[in-house]
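Student: Protein chains in written order, with numbering that gives the first Met the number 0: chain A, 0 to 271; chain B, 0 to 294.
Warning: the hint list may mix true and false statements.
Derived SDA-like pairs (lysine to any residue); straight-line CA-CA distance at most 20 Å [stated by the list, open to error]: (1) A:K192 / B:V135; (2) A:K192 / B:Y54; (3) A:K47 / A:S216; (4) A:K192 / B:L85; (5) A:K167 / B:L8; (6) A:K190 / B:Y54.
Stretch by stretch, here's where chain A covers chain B in the computed footprint (C-beta under 8 Å, at least three residues) [claimed, not checked]: (7) 119-131; (8) 137-145.
These are calculated hints, taken from the structure and not from any lab test.
Bear in mind the structure is a predicted one, so any value in this text is a computation, not a measurement.
Yeah, the Cβ is synthetic: ideal placement off N, Cα and C, and Gly gets one too.
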Amino acid sequence: MKRLACLSFIFIITCALTISPALAENIVIKGSTTVLPVTQKIAEAYMKDNPDVSISLSGGGSGNGIKAIIDGATDIADSSRFIKDKEIKLAVEKGVYPVPFAVAYDCIVPVVHPGNPIQDLSMSQLKDIYMGKIRNWKKVGGPDRKIVVVSRDTSSGTYEVWEEKIMKKERVFPGALLQASSGSVSQAVSKNKNAIGYVGIGYLNNTIKAVTVNNVSASVETTLDGSFPISRALFMFTKGWPTGEVSKFINYVTNPGKGQKLVKEVGFVPLY
Amino acid sequence: MNRLLKERLMRYVFFTVATASITILLLIVAFLFREGLPIFSKVSISDFIFGKYWYPTSDPPDFGIFALISASVLVTVVSAAMSVPLGVMTAVYLAEIASFRIREIVKPLVELLAALPSVVIGFFGMVVVAPFLQDVFGIATGLNLFNAALMLAFMAIPTICSISEDAIYSVPTSLKEASLALGATRLETIIRVVLPASASGVSTAIILGMSRAIGETMVVLMVAGGAAMVPESLFDPVRPLPASIAAEMAEAPFRGDHYYALFATGIVLFLFTFMFNLIADHIAHKYKQTGEASL
């Protein structure tokens, strides 16, 4: 008899566990791997505040996220770029109206060793350095030393911004050193007086020196007013104007005291 | 009857246990090939292996891993050039020359080098050796082929030393005694008798050490620099195969071309280590020292 009671108890618990997620609200988010760390952090905090909501999160790239919004396969699409005309057309044909929400800014700063006298580099100088056309600091007004170019692995979001804003479709030359994270770029640059690298604004510290670009220094202000050239807005797209749980989540993300605080923690520039 | 049944049962249990690792290996290899082969519908095998440019995320992408292969091979060769003499000579010293007490202290210490996690060795190379190389040699960057090879040599030495020491130590005493009795000096005995007699064990040790070096990931990711080009000098940055896989796999789109290409890179790496192991096995069998007459 006791055994039966025990078994039925287990049965009830199992049922409860299987049914409860079905009762809870579920938000599906898909898209850009650049926005992923932000979304992940905010989603974790949101689920902690609202235990009955479960958020399933996956990467796959901005294009895939927007495609999923058009196909109705996701509630929110993360994107590191604005939607393209072609995609809007496709969406309208399917009767879907994607609504963009800017959630953060991504700002990439070129950095050099603190002992390097270089203060400013223009966009075209940066491009030539990364293409391997300029190989000596002398040519950009520095000491007569070889330039050691440090770049990120090609699948990172940081590299993507650099490629889009600086390289303009040209390739980074093969002699560039590759580092797998912003942390190790900063490590490599701080240990080498010949090096130049680039990191997200959240990774700046006093072991490396930020270089101004076209005489604009990188800061939250210059990113927000658009004068710093190597930055971009990050978006979340919803299918139509958001309602219910999705709209609550978007509000949470853009809330200066909640989501935007986490945006700053992950190393991006918050909206306000 | 019961005892017989038990006996048979135990046989099956042990057979299953013994085949489990082989099954797992086969499954991993099958998975590796399943995920890697689709790239060859986009790029031909020769373009993949001999292609000079590795730009997996450009539009259009280039999937050529020649620079990565040459980096892996060069780093392994240079590290072997450092670790083989050191490892084998240490082994000779420990087995033939050192007193029992020194041997008992030094051998465990050398083997302790193998216990150092590779990330620690990598960090050491990045933070200590790289700035040192920059300052002393006046080179552009300390994260380069030489630094990576040096760190890998640290990792290969314990493997090479420990296995060759066992091989040298197990050379029959009668051989050595005969040589000494004929008037050969100790050095002549070691070079002409002991080393040839233990050749198969020593070669196995060297090849296993090299296969460890070629497959090592963390160290090369941290200290090799990561430039996807064929190096022109010993102090150029390089990107060996494992470093490329480790750096890019996390964010390559699942089942995209880049993902397939990285798995195909894994296949190439697997073929390299597989070849090394085959050669080691072959040498161990062919030049096996059986009895004292075959020398």
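Student: Each hint should be assessed against the structure and marked as holding or not.
Tutor: Hints and how they fare:
1. Pair hint K192 (chain A) plus V135 (chain B) holds up; C-alpha atoms about 14 Å apart against a cutoff of 20 Å.
2. For the proposed pair K192 (chain A) and Y54 (chain B), the alpha carbon gap of about 28 Å is over 20 Å, so the pair is violated.
3. Between K47 (chain A) and S216 (chain A), the direct Cα distance comes to roughly 38 Å. Violation of the 20 Å bound is thereby established for this hinted pair.
4. With a C-alpha separation of about 34 Å, the suggested pairing of K192 (chain A) with L85 (chain B) is violated against the 20 Å cut-off.
5. A C-alpha spacing of about 68 Å is found between K167 (chain A) and L8 (chain B), which places the hinted pair above 20 Å, so the restraint is violated.
6. The suggested pairing of K190 (chain A) with Y54 (chain B) is violated, with an alpha-carbon distance near 27 Å, which exceeds 20 Å.
7. Requiring three or more residues with a Cβ within less than 8 Å of a Cβ of chain A, the coverage given for the segment 119-131 of chain B holds, as 4 such residues are present.
8. Counting residues of the segment 137-145 of chain B whose CB falls under 8 Å from any CB of chain A gives 4; the rule of at least 3 is met.
Hint check: violations occur at hints 2, 3, 4, 5, 6; the rest are consistent with the structure.
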